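Modelling step: build the complete structure from the supplied sequences, incorporating the hints.
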Amino acid sequence: MKPSTGHTPPKWANRLLEWYCRPELLEDLQGDLHEYFDRNLASKGPKRARINFVMDVLKFMRPYTIRKLEILNNLTTIVMFKNYFKTSLRSIARNKLFSAINIIGLAVSMSVCLLAISFLVEIDSYDRFHEDADQIYRVKNSYQFLQEDPSYFASTSILAGKLIQEQVPGIKASVIMHRGFSGDAKMGDYIVPVSGIHTTEDFFEVFSFELLRGNPETALSEPHSIVLTDETAEKLFKGQDPMGQTFQVGNEETPYQVTGVMKKPPHHSHLRFQSLVSFATYEEKRKENPEETYWISWSNMWANYVYMKLEDGTSQEDIEARLVPINDKQNEKSDRVTINTSLQPMLAIVAGENLSNQIGMSMGPEGTWIIVILTSIVILSAGFNYTNLSIARSLRRAKEVGVRKVVGATRGQVFTQFIIEATIISLIALVFAYLLFFLIKPEFLNLDPDIQQMLLLENSPKVFLFFILFAVLVGFLAGFFPATFLSKLRAVSVLKDASNTKLFSKVNMRKVLIVTQFTLSLIFIISASIELKQYKYALAFDLGYDTENVLNIWLQGNDIDQMANAFASVPEVSQISRSAMITSVGNRYSETIKYEDPTDSTDLTYNFIDEHYLPLMGNRFLAGSNFESRQLQEREESIIVNEQVLKRFNIGTPQEALGKYVQVGRDSQGPRKLRIIGVVEDFQYATIQESIESFGFRYAPDRLEMLNLKIATTDVMATMEKLETAWNGLDQVHPFEATFYDEEIQRTYAEHSILFTIVGFLAFLTISIAALGLLGMGVYTAETRLKEISIRKVLGASEGSLVTLLARGFMWLLIISAAIAVPAAYFLFDSVILADAVNKANIGFIELFAGVIIIFAIGFLTIGTQTWKAAKSNPAQTLRSE
Amino acid sequence: MKGTNLGEFEEVVLLTIAALTDEAYSVAICDEIDRVTERKVKLGVVHAVLNRLEKKGFVRSELGEATKERGGRRKRFFIVTHAGKVALTKVKAQRDELWSLIPDFNLKIA
Numbered sequence: 000m001k002p003s004t005g006h007t008p009p010k011w012a013n014r015l016l017e018w019y020c021r022p023e024l025l026e027d028l029q030g031d032l033h034e035y036f037d038r039n040l041a042s043k044g045p046k047r048a049r050i051n052f053v054m055d056v057l058k059f060m061r062p063y064t065i066r067k068l069e070i071l072n073n074l075t076t077i078v079m080f081k082n083y084f085k086t087s088l089r090s091i092a093r094n095k096l097f098s099a100i101n102i103i104g105l106a107v108s109m110s111v112c113l114l115a116i117s118f119l120v121e122i123d124s125y126d127r128f129h130e131d132a133d134q135i136y137r138v139k140n141s142y143q144f145l146q147e148d149p150s151y152f153a154s155t156s157i158l159a160g161k162l163i164q165e166q167v168p169g170i171k172a173s174v175i176m177h178r179g180f181s182g183d184a185k186m187g188d189y190i191v192p193v194s195g196i197h198t199t200e201d202f203f204e205v206f207s208f209e210l211l212r213g214n215p216e217t218a219l220s221e222p223h224s225i226v227l228t229d230e231t232a233e234k235l236f237k238g239q240d241p242m243g244q245t246f247q248v249g250n251e252e253t254p255y256q257v258t259g260v261m262k263k264p265p266h267h268s269h270l271r272f273q274s275l276v277s278f279a280t281y282e283e284k285r286k287e288n289p290e291e292t293y294w295i296s297w298s299n300m301w302a303n304y305v306y307m308k309l310e311d312g313t314s315q316e317d318i319e320a321r322l323v324p325i326n327d328k329q330n331e332k333s334d335r336v337t338i339n340t341s342l343q344p345m346l347a348i349v350a351g352e353n354l355s356n357q358i359g360m361s362m363g364p365e366g367t368w369i370i371v372i373l374t375s376i377v378i379l380s381a382g383f384n385y386t387n388l389s390i391a392r393s394l395r396r397a398k399e400v401g402v403r404k405v406v407g408a409t410r411g412q413v414f415t416q417f418i419i420e421a422t423i424i425s426l427i428a429l430v431f432a433y434l435l436f437f438l439i440k441p442e443f444l445n446l447d448p449d450i451q452q453m454l455l456l457e458n459s460p461k462v463f464l465f466f467i468l469f470a471v472l473v474g475f476l477a478g479f480f481p482a483t484f485l486s487k488l489r490a491v492s493v494l495k496d497a498s499n500t501k502l503f504s505k506v507n508m509r510k511v512l513i514v515t516q517f518t519l520s521l522i523f524i525i526s527a528s529i530e531l532k533q534y535k536y537a538l539a540f541d542l543g544y545d546t547e548n549v550l551n552i553w554l555q556g557n558d559i560d561q562m563a564n565a566f567a568s569v570p571e572v573s574q575i576s577r578s579a580m581i582t583s584v585g586n587r588y589s590e591t592i593k594y595e596d597p598t599d600s601t602d603l604t605y606n607f608i609d610e611h612y613l614p615l616m617g618n619r620f621l622a623g624s625n626f627e628s629r630q631l632q633e634r635e636e637s638i639i640v641n642e643q644v645l646k647r648f649n650i651g652t653p654q655e656a657l658g659k660y661v662q663v664g665r666d667s668q669g670p671r672k673l674r675i676i677g678v679v680e681d682f683q684y685a686t687i688q689e690s691i692e693s694f695g696f697r698y699a700p701d702r703l704e705m706l707n708l709k710i711a712t713t714d715v716m717a718t719m720e721k722l723e724t725a726w727n728g729l730d731q732v733h734p735f736e737a738t739f740y741d742e743e744i745q746r747t748y749a750e751h752s753i754l755f756t757i758v759g760f761l762a763f764l765t766i767s768i769a770a771l772g773l774l775g776m777g778v779y780t781a782e783t784r785l786k787e788i789s790i791r792k793v794l795g796a797s798e799g800s801l802v803t804l805l806a807r808g809f810m811w812l813l814i815i816s817a818a819i820a821v822p823a824a825y826f827l828f829d830s831v832i833l834a835d836a837v838n839k840a841n842i843g844f845i846e847l848f849a850g851v852i853i854i855f856a857i858g859f860l861t862i863g864t865q866t867w868k869a870a871k872s873n874p875a876q877t878l879r880s881e
Numbered sequence: 000m001k002g003t004n005l006g007e008f009e010e011v012v013l014l015t016i017a018a019l020t021d022e023a024y025s026v027a028i029c030d031e032i033d034r035v036t037e038r039k040v041k042l043g044v045v046h047a048v049l050n051r052l053e054k055k056g057f058v059r060s061e062l063g064e065a066t067k068e069r070g071g072r073r074k075r076f077f078i079v080t081h082a083g084k085v086a087l088t089k090v091k092a093q094r095d096e097l098w099s100l101i102p103d104f105n106l107k108i109a
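So the protein lines, in turn, are chains A and B. Per numbering that gives the first Met the number 0, the first sequence starts with residue 0, numbered consecutively. Per numbering that gives the first Met the number 0, the second sequence starts with residue 0, numbered consecutively.
Mixed in with the good hints there might be a few duds.
As the list claims (entries may be wrong) - Each computed DSS-like pair below joins lysine-lysine, with the alpha-carbon atoms no more than 30 Å apart:
#: 1; chain 1: A; residue 1: Lys85; chain 2: A; residue 2: Lys58
#: 2; chain 1: B; residue 1: Lys39; chain 2: A; residue 2: Lys43
#: 3; chain 1: B; residue 1: Lys54; chain 2: A; residue 2: Lys46
#: 4; chain 1: A; residue 1: Lys46; chain 2: B; residue 2: Lys41
Keep in mind the hints are simulated off the structure, nothing from the lab. Computed from a prediction, not measured in an experiment: that's the story for all the values here.
Structure follows, in structure tokens:
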């Protein structure tokens, strides 16, 4: 072939030749044909040359050129399967200890993996029940103030939804939603709280929720139309026909009419709601005050959601390209804030990027990653055991391989045999793992209420299929290395002298595997202990005020004075105060605060309280005094600040600050000037990871939504019952909801305790697995070196020195593991996980080395007992039996 | 093993291999037969014969160096084995004997 002419023989003919021709004849025949092709090219032109080439390829299909049918080979493999299966079972049964170690290790780690698999399958199944689910998108927003880093939101503005509906082509249907419909549904005396989402009329075109009654096209078009889920309808109307029924909600005058009944959203829907209210209802309410237009502005993007279904052939990029001009046009109007809309596929909502203001279920991508990574580590550890022990034992299997090869087994067949053996082990392990899976599943679901809401972890045939595929894959991967290694052995050298083969050259690799195993185990155990310490630290942290025996009660719309009086009659309640929210658990209200310089402002976090709050909580005053009891409807005029406010604005000492005015936001009468009447010591109002900034207590009796009760009792249960009775005396509709402050704080830091539980459990698993592996290696070493030990003993070695001799190598591996794991874990926590936390427990010597000591103890125990047994054996017997 | 008889075309091919010495590979063999006997021989036929000769043990083959020609594929060079040489000599001896038996050698081509 002359490259200059650029003509080549037809590729397909070439491939045909390669396919049918015997490998040993192929090369020169192909060369010959090429040579003729070049000749023909020169004499007869490219067309003829190509035809001739094809003809030649076809003509050369003769008995002696065609390769032997490979089916014959495969047939033997199939026949041999039975044999492999049988030998594998025998080998498993013969080496009971090794098989048990492998099966237990694999079963334990696989059970965790099964959990992870059903978790992943379930997360993936979210929202797939919608028709064309992959064509449904949600509008997400990015919000950027000046040049700060933008933050991302799942919510968007109503304006964006309207502009998209008007201006963007390629959308089959879209829906604008506004959350926050809630109130007490009243049917005469019968009251049931309901909540729901406001949505435009195309809701049932975008989503495939099942409407049982009513017209999907018109059900949500009129104001004050409501579509109930079957569950809610049953709650409200108890067996009556709900269609066309009306009821009032809260204090609204116009009643709502039921225009449809739909099936409750399935569990695997990120959107969950009790009812749908027509968006027209919300619009009507807003339009009552025509001057107020903020609700429809570009920057009101906090509680509205836009979903759309794209037409076939329209892509996310097409729509996003259309969004750019809309964004630009709207952003021109604002000089400080840039808000950009873009799309997010609905299927990526549940485990996708972290967005603020989510509607419904979502968990962010981290959970998935953590689970995948952690479980892979555990299964890796068990896989290493298998690989390691199999290689160590391969000396015994080498003869078998030799005989098989002599009889005519190919390398592929030997390979298959060992892979099958590993797969059988892993399938047996799967059976145990499946049982264990049922034990750990409820534990996992009970870790956190959120997990319970999110997941069912039901068994479906699909999940089951994945389990089996997974087991086969694990078997293949675990058996791959030993199988390759054993199939490579040469029959002659193995049969002549087994010990002569390079079996022991794999010693280094085995060492690497053991070190990896123990390093991972150590990192797990250290992580668990650090997490535990962080959790304990967070709970014991001195917040600067006293949360002990304080019971917080949400009023849920009840009259605060009545409730307070009702609770005051319970003798165990020693003090009652009122507040707008509770601090230190991650919630916050904030507003801008300024001092004398009007251009210098910062965020003030605040809480509304009454005059009893500070004494009850025990906040310490540095100067000034508490609020005085005053009546409602006065203009707010005073504030109690923390030290940070004084520092931030250089107001001077606490004493000097008294009587000074700060401006906190605005009210209807202009800037809100508040006089500082007291200064309290800084306290940790945010979670402990955050630093303390400016904080103020404000006095506004109409903004208080919860009661704080100081309880003095020895019998908590009885007191709670009394309180509940008091609550029920005033409100039969809403269940009594009260939490102790300390519990609330515990819940805030629950992630630490959940992580501790998970990581601790995994640490336990990996350590057990690694210890099992070590045990196997110990037994093996002691067995193979029994003769050496006996000779040494005969020559006068003491038992102690023999144990040292045998255990030394393993202990070195453990030391190396510790040398890698301790700095790695320290770095991981110090510079990555806890890097941003302001208050954190220091990672101490104990956390870092307790795990190391445990591992060393376990390692020494397993290796020590085995070597001790070997060292104790009677040399006369071992040597005589030769 | 097939009979050690040499067919007529096999003999021609074997002789050509011997004649070409170091340059005996399939295409060259075809060309040479073409030139000497003025017969149009197909590669397919020659290839099959070469394969048969190798099976009978009259020739052995080895792959040459890779070149840029032939799409980078190596040539397979054929060498007459001892058995091949014996066979050829035997055939020649038989022919010679027959020749010598012709009493009055008078086969002039008219």
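Here is how each hint holds up against the structure:
no. : hint                 : in the structure
1   : A:Lys85 with A:Lys58 : 47 Å, violated
2   : B:Lys39 with A:Lys43 : 17 Å, holds
3   : B:Lys54 with A:Lys46 : 37 Å, violated
4   : A:Lys46 with B:Lys41 : 20 Å, holds
In this structure, the earlier hints numbered 1 and 3 are contradicted, and the remaining ones agree with it.
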